[in-house]
Amino acid sequence: MRTKKGLVSLLLTIMMLGSILGGCGSAADSNANSQGAGDSTKAKAEKIVFAMPSFNRIPSDIGRVTDAINAITVPKIGVEVDFKIFGPADYAQKVNLALQSGEQMDVFTTLGQFTSYVSKSQLYPLEDLLEEHGKELLAILEQDFGPDMLKSTTLNGHIYGIPVNKGVSIPTNFVYNADMLKEVGFSADDINSVEDLPQIFEAVKQKYPEVIPFGPVNVNPSDPGLILLLKGMYEADFLSDTTGIGAVIGDDSQVLNFYETEEFKSGVTMMREWFNKGYLEKDAATTSIAFSDMISSGRGFSYMASYSGLEAAKALSAQTGKNLEMKRIAPYYFETGAVNMVSWMVSSTTKAPEGAVKFLNLLYTDEELINTVLYGIEGEDYVKVGEHHVKYPDGKDASTVAYTAMLSTGIVGSESLQYQLEGVNWSDVELKLQENKETKKSPFFGFIFDPSEVKTQMSAVTNVVNQYLPGLVCGALDPETTIPKFVQALNDAGAEAIIKSKQEQLDQWIAAQNSQ
Amino acid sequence: MTTTTTKSKGPKKTLPLLLLAVPGLLYFIVNSYIPMIGIFIAFKDINYAKGIFRSDWIGFDNFKFLFQTSDAWVMTRNTLLYNTAFIVLGTIVSIIIAILMSELLSKAFAKVFHTSLVLPNLISMVVLSYLVFAFLNADSGFINNSILAPLGLPEINWYSEPKYWPYLLVFIQLWKTAGYGSIVYIAFIAGIDKSIYEAAKIDGAGKLKQIWTITLPLLKPTIVILTLMSIGRIFNSDFGLFYQVPLNSGALYSTTQTIDTYVYRALMQVNDIGMSAAAGLYQSLVGFILVMLANAIVKKVNADNALF
Amino acid sequence: MIQSRGERTFFGFSAVVMGLWSVLAFLPFILIVVASFTDESALIRNGYSFFPEKISLDAYLYMISSSATFLRAYGVSFLVTILGTGFGLLISSMLAYPMSRKDFKYHNVLAFIIFFTMLFSGGIVPSYIMWTKYFHIKDTLAALIVPNLLTNGFYVLLIRNYYKNNVPGELIEAAQIDGASELRTFFRIMLPLSVPVMATVGLFMGLAYWNDWINALYYITTPKYYGIQNMLINLMNNIQFLKSGQASNVIGAGALELPSTAIRMSMAVIGILPVALVLPFLQKYLTKGVVIGAVKG
Numbered sequence: 001m002r003t004k005k006g007l008v009s010l011l012l013t014i015m016m017l018g019s020i021l022g023g024c025g026s027a028a029d030s031n032a033n034s035q036g037a038g039d040s041t042k043a044k045a046e047k048i049v050f051a052m053p054s055f056n057r058i059p060s061d062i063g064r065v066t067d068a069i070n071a072i073t074v075p076k077i078g079v080e081v082d083f084k085i086f087g088p089a090d091y092a093q094k095v096n097l098a099l100q101s102g103e104q105m106d107v108f109t110t111l112g113q114f115t116s117y118v119s120k121s122q123l124y125p126l127e128d129l130l131e132e133h134g135k136e137l138l139a140i141l142e143q144d145f146g147p148d149m150l151k152s153t154t155l156n157g158h159i160y161g162i163p164v165n166k167g168v169s170i171p172t173n174f175v176y177n178a179d180m181l182k183e184v185g186f187s188a189d190d191i192n193s194v195e196d197l198p199q200i201f202e203a204v205k206q207k208y209p210e211v212i213p214f215g216p217v218n219v220n221p222s223d224p225g226l227i228l229l230l231k232g233m234y235e236a237d238f239l240s241d242t243t244g245i246g247a248v249i250g251d252d253s254q255v256l257n258f259y260e261t262e263e264f265k266s267g268v269t270m271m272r273e274w275f276n277k278g279y280l281e282k283d284a285a286t287t288s289i290a291f292s293d294m295i296s297s298g299r300g301f302s303y304m305a306s307y308s309g310l311e312a313a314k315a316l317s318a319q320t321g322k323n324l325e326m327k328r329i330a331p332y333y334f335e336t337g338a339v340n341m342v343s344w345m346v347s348s349t350t351k352a353p354e355g356a357v358k359f360l361n362l363l364y365t366d367e368e369l370i371n372t373v374l375y376g377i378e379g380e381d382y383v384k385v386g387e388h389h390v391k392y393p394d395g396k397d398a399s400t401v402a403y404t405a406m407l408s409t410g411i412v413g414s415e416s417l418q419y420q421l422e423g424v425n426w427s428d429v430e431l432k433l434q435e436n437k438e439t440k441k442s443p444f445f446g447f448i449f450d451p452s453e454v455k456t457q458m459s460a461v462t463n464v465v466n467q468y469l470p471g472l473v474c475g476a477l478d479p480e481t482t483i484p485k486f487v488q489a490l491n492d493a494g495a496e497a498i499i500k501s502k503q504e505q506l507d508q509w510i511a512a513q514n515s516q
Numbered sequence: 001m002t003t004t005t006t007k008s009k010g011p012k013k014t015l016p017l018l019l020l021a022v023p024g025l026l027y028f029i030v031n032s033y034i035p036m037i038g039i040f041i042a043f044k045d046i047n048y049a050k051g052i053f054r055s056d057w058i059g060f061d062n063f064k065f066l067f068q069t070s071d072a073w074v075m076t077r078n079t080l081l082y083n084t085a086f087i088v089l090g091t092i093v094s095i096i097i098a099i100l101m102s103e104l105l106s107k108a109f110a111k112v113f114h115t116s117l118v119l120p121n122l123i124s125m126v127v128l129s130y131l132v133f134a135f136l137n138a139d140s141g142f143i144n145n146s147i148l149a150p151l152g153l154p155e156i157n158w159y160s161e162p163k164y165w166p167y168l169l170v171f172i173q174l175w176k177t178a179g180y181g182s183i184v185y186i187a188f189i190a191g192i193d194k195s196i197y198e199a200a201k202i203d204g205a206g207k208l209k210q211i212w213t214i215t216l217p218l219l220k221p222t223i224v225i226l227t228l229m230s231i232g233r234i235f236n237s238d239f240g241l242f243y244q245v246p247l248n249s250g251a252l253y254s255t256t257q258t259i260d261t262y263v264y265r266a267l268m269q270v271n272d273i274g275m276s277a278a279a280g281l282y283q284s285l286v287g288f289i290l291v292m293l294a295n296a297i298v299k300k301v302n303a304d305n306a307l308f
Numbered sequence: 001m002i003q004s005r006g007e008r009t010f011f012g013f014s015a016v017v018m019g020l021w022s023v024l025a026f027l028p029f030i031l032i033v034v035a036s037f038t039d040e041s042a043l044i045r046n047g048y049s050f051f052p053e054k055i056s057l058d059a060y061l062y063m064i065s066s067s068a069t070f071l072r073a074y075g076v077s078f079l080v081t082i083l084g085t086g087f088g089l090l091i092s093s094m095l096a097y098p099m100s101r102k103d104f105k106y107h108n109v110l111a112f113i114i115f116f117t118m119l120f121s122g123g124i125v126p127s128y129i130m131w132t133k134y135f136h137i138k139d140t141l142a143a144l145i146v147p148n149l150l151t152n153g154f155y156v157l158l159i160r161n162y163y164k165n166n167v168p169g170e171l172i173e174a175a176q177i178d179g180a181s182e183l184r185t186f187f188r189i190m191l192p193l194s195v196p197v198m199a200t201v202g203l204f205m206g207l208a209y210w211n212d213w214i215n216a217l218y219y220i221t222t223p224k225y226y227g228i229q230n231m232l233i234n235l236m237n238n239i240q241f242l243k244s245g246q247a248s249n250v251i252g253a254g255a256l257e258l259p260s261t262a263i264r265m266s267m268a269v270i271g272i273l274p275v276a277l278v279l280p281f282l283q284k285y286l287t288k289g290v291v292i293g294a295v296k297g
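Chains as they are written, first to last, in this note's numbering: chain A, 1 to 516; chain B, 1 to 308; chain C, 1 to 297.
Next up, chain A with everything else stripped away, as it sits in the complex (with noise of 0.2 Å):
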């Protein structure tokens, strides 16, 4: 009995507590709902959700911009804008708390992770939407890109995503301390390809014994973009993900273990002959130092990088202290995860697919959203300087100025459409653009793996990638006895039955195409 009373009393004490910090809510609810009244009297808009990743400094405020925004879309296409910026930290988390809570997240990007996000069923699918409202869009690709930007994207004939329209074709480029170059007796024309490039090394160690004539371009983990290169000169597709299991390589359809082909085997061989020269720091398979930074202090020489175009080494440059350059030594290969890795998507769950759709066709066809999107407003956050040139105003840099979102450029709309900063060469938005239709397609772009049926298999398989593989593409692990052991691994953790259902989907792909 007493017990019962007891009870009774702690319901009710919380049934009250509860009431009270309710009402607190509701409070702050009608708050909210007051504010969307006095938004929506501007017009009966569709109001959509979009977020953007910003690398620049995110403003407190972004109200200005997105009022800014909402004068161009709400007139035009009648949709205003809920503008959101995160960092590339926050970005990813941000928007898969709003989708798996249900919170409303209309048009979003991702960086690399686009198959994840169709596998789970969180996109909508837009091709009714875009015949009807994407019509600009769909033709600025075909300009800028070709024909089939879109296959990338397209799952059973439902296209998901829209790739950043850019110039996507990344080929490696090998970068280097041009004064260090001269001093050892070398010019430019001496590296066409990668073999040429241990003799330039020996010089320079033989110059320079402190300096390390060559380090990974990526740390943690690290990766002197071996694989990348590898990629490009044998023209191996990994068939929409990373892991390296499951690739095929040229024509043949044959799906393949990356990691068990001689070309990975040459490719490794040749990193350990350079590390046993020296031509590596011991530590450059764990090293925590960008070796970006070891070139700014004076102590490194080269790397190996993805750069489209061929002025890329004017920022690098600067942003080193350093004279450095680029050449091109392998091409690059269009596999369908190169051209889906930055894709613009709208979620399954959107209330507003139309508003969403119309307001991407304006994000990747319209100049003044764009760079609204991307600089902020005109003459207090940037001053144009000529038709495709802008700069920040005077006595402003890109930390002071009130908006800019200038680094985000290789991730909003067209890169044809973009202003660019003061310096930079017109002509070299062109090449890229050209280099769009010009580089090589895998036979099998277009071509996504739905990796649910072996999830399994997929994270054990992760794990061991990470385990052997930075060690090797560093050439700190000696590829004759660690190659097997990685191979048996990868075997223990799953990975024929990854390979075996790749092969499976994609004969299906196959059949599919020859079909149409």
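Calculated directly from the structure, the hints in this document are not laboratory data. The beta carbon of each residue, even a glycine, is placed where N, CA and C say it ideally should be. Any given hint might turn out to be false.
To be verified - Simulated crosslink set (DSS-like; lysine-lysine; CA at most 27 Å straight-line): (1) A/Lys485 x B/Lys300; (2) C/Lys284 x B/Lys300; (3) B/Lys220 x B/Lys300; (4) B/Lys194 x C/Lys105; (5) C/Lys102 x B/Lys194; (6) C/Lys105 x B/Lys300.
As the list claims (entries may be wrong) - Heads up, incomplete: computed chain A residues facing chain B, CB under 8 Å, no partners named: (7) Asn220; (8) Thr286; (9) Gly379; (10) Gly423; (11) Pro451; (12) Asn466; (13) Asn491.
Take the given structure of chain A and dock chains B and C to it, following the hints.
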């Protein structure tokens, strides 16, 4: 006697105490218990078109990736052994520090010592990994260049030699957390009635004897409780310590891979909330079973010291 | 107070050991401070050194220039730490008190309920849905204070243990015989007699709030409410991304020369320094010895 106490325990006595507990209890219900509904995600094949609640049940499929790997044994062994070492050594070192610190309480320089207990804990694992790298890196590291080389010893490739890492990681963990951990014991020692020590002194007990017969026995309930709570998390590990500090070096997996680092590495590509929920549930369940066992044993010996 | 020889020896021994420990604890921190003032190139060429070859303020200048909201972020962190710790201590100790009373019927049930939350969690998605949809805390200061940090099982059980073992039960009985209510007993006897444990738990809570960046990652979408840790982490992540090879494919030209290692060190300094300055003032509360003998007699 017993009857009178039970009588006085009426609602009059229970209710006010219950009321005091309500705000905190409510917080735990809202912050912890309601979200626990999410545990079911571990048994679902999440498909957002169907929604989280309507996704298909798949039994224990999400748990498979924890066992279908040759690393399953290694990561379980490492997690257990490291945690055991941390619990045992951490407790001993913390208590020693606490007893020594309590000796110095009144002095001005105790403030400096005291700050030194917390300071290591404030340095993030990422920054710490930079410092450790400065000591250990093969080409220009302090240990290879300034200690091993002058002694004529061969240099060591620290980041590819797994055998050194159990000692390194235990040392780093103790350096970072033992001082911090000792603060609890310092507080509990401060709470010991000083008159007990005075009485012992009059009886001629020396410092060591006082520690042995007064301080340690009075700390025992705290030691037991803290150990029980650590046992609950024996399948969890500090991700920063095992991932950042060894710089994610593949060559070191045999002694640095723990369940948490495995889950992180394995799910990087697949990125599945069902599988990460499964891993969390597995860790919690094992911890829970072990704590229930340990608590039952403690209860048998002395019910007062048990956690609940 | 007269000390015996044995006591003096023990005291000396303690001072020496703690002195050594302090050196071990302080040196790395000093190294971080020095590194934050070292020229980036010198740092990479020569590694870390207590006596840098070239001193530079670049790291601090960069951080201040790229963040107009530095002071604001400090303010947010301070406010959140103080409010969270104060409120958290109150509800934790109020909850711990009944649990410490063996004559309270539900003391073990409560302990189990609290301990259970230390082990099991439903993950971020359900928490997020609840806090944002039903409590509407998104983009409010409450989002930085309430979820997860306000209290946890560890704090509550620690306080309970102190009440149980270090505050004599006779005191409570005596108070109640005098007719004091439970509320009064708690505020007049329990709280004053448990300063060391309150200070300890307060320190832990305060540090947890000061160092937290997760709540803002989940629940804050406007930089207005970013505390110092979020600001530092965002800055660092941006730099790291801009340095990576991937960046050049995604971003346009015009990136700056960024001293990344020195910046990381200066961030550590900016995050730690306020705490290191406050710590010595806390010490006297942590070790405030209590003489109960007199009360008891």
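Consistency of the hints with the structure:
1. The straight-line distance between the Cα atoms of A/Lys485 and B/Lys300 is roughly 50 Å, outside the 27 Å bound, and the hint therefore fails.
2. For a cut-off of 27 Å, the pair hint linking C/Lys284 to B/Lys300 is broken: about 38 Å separates their Cα positions.
3. Taking the CA atoms of B/Lys220 and B/Lys300, the gap is near 16 Å; set against the 27 Å cutoff, the hint holds.
4. For a cut-off of 27 Å, the pair hint linking B/Lys194 to C/Lys105 is broken: about 32 Å separates their Cα positions.
5. At most 27 Å may separate the alpha-carbon atoms for a hinted pair to count; C/Lys102 and B/Lys194 meet this at roughly 25 Å.
6. The straight-line distance between the Cα atoms of C/Lys105 and B/Lys300 is roughly 20 Å, inside the 27 Å bound, and the hint therefore holds.
7. The interface hint given for A/Asn220 is met, as the beta carbon of that residue sits about 6 Å from the closest beta carbon of chain B, less than 8 Å.
8. A cut of 8 Å between beta carbons decides the hint on A/Thr286: the least distance to chain B is about 4 Å, and the hint holds.
9. Interface restraint check for A/Gly379: the shortest CB-CB distance to chain B comes to about 41 Å, outside 8 Å, so the restraint is violated.
10. Taken as an interface hint, A/Gly423 does not check out: its beta carbon lies about 35 Å from the nearest beta carbon of chain B, beyond 8 Å.
11. The interface hint given for A/Pro451 is met, as the beta carbon of that residue sits about 7 Å from the closest beta carbon of chain B, less than 8 Å.
12. Interface hint at A/Asn466: satisfied, since its Cβ lies 5 Å from the closest Cβ of chain B, which is below the 8 Å cut-off.
13. Restraint check, A/Asn491 versus chain B: the minimum CB separation of about 10 Å is more than 8 Å; hint violated.
Checked against the numbered hints given earlier, the structure breaks hints 1, 2, 4, 9, 10, 13 and satisfies all the rest.
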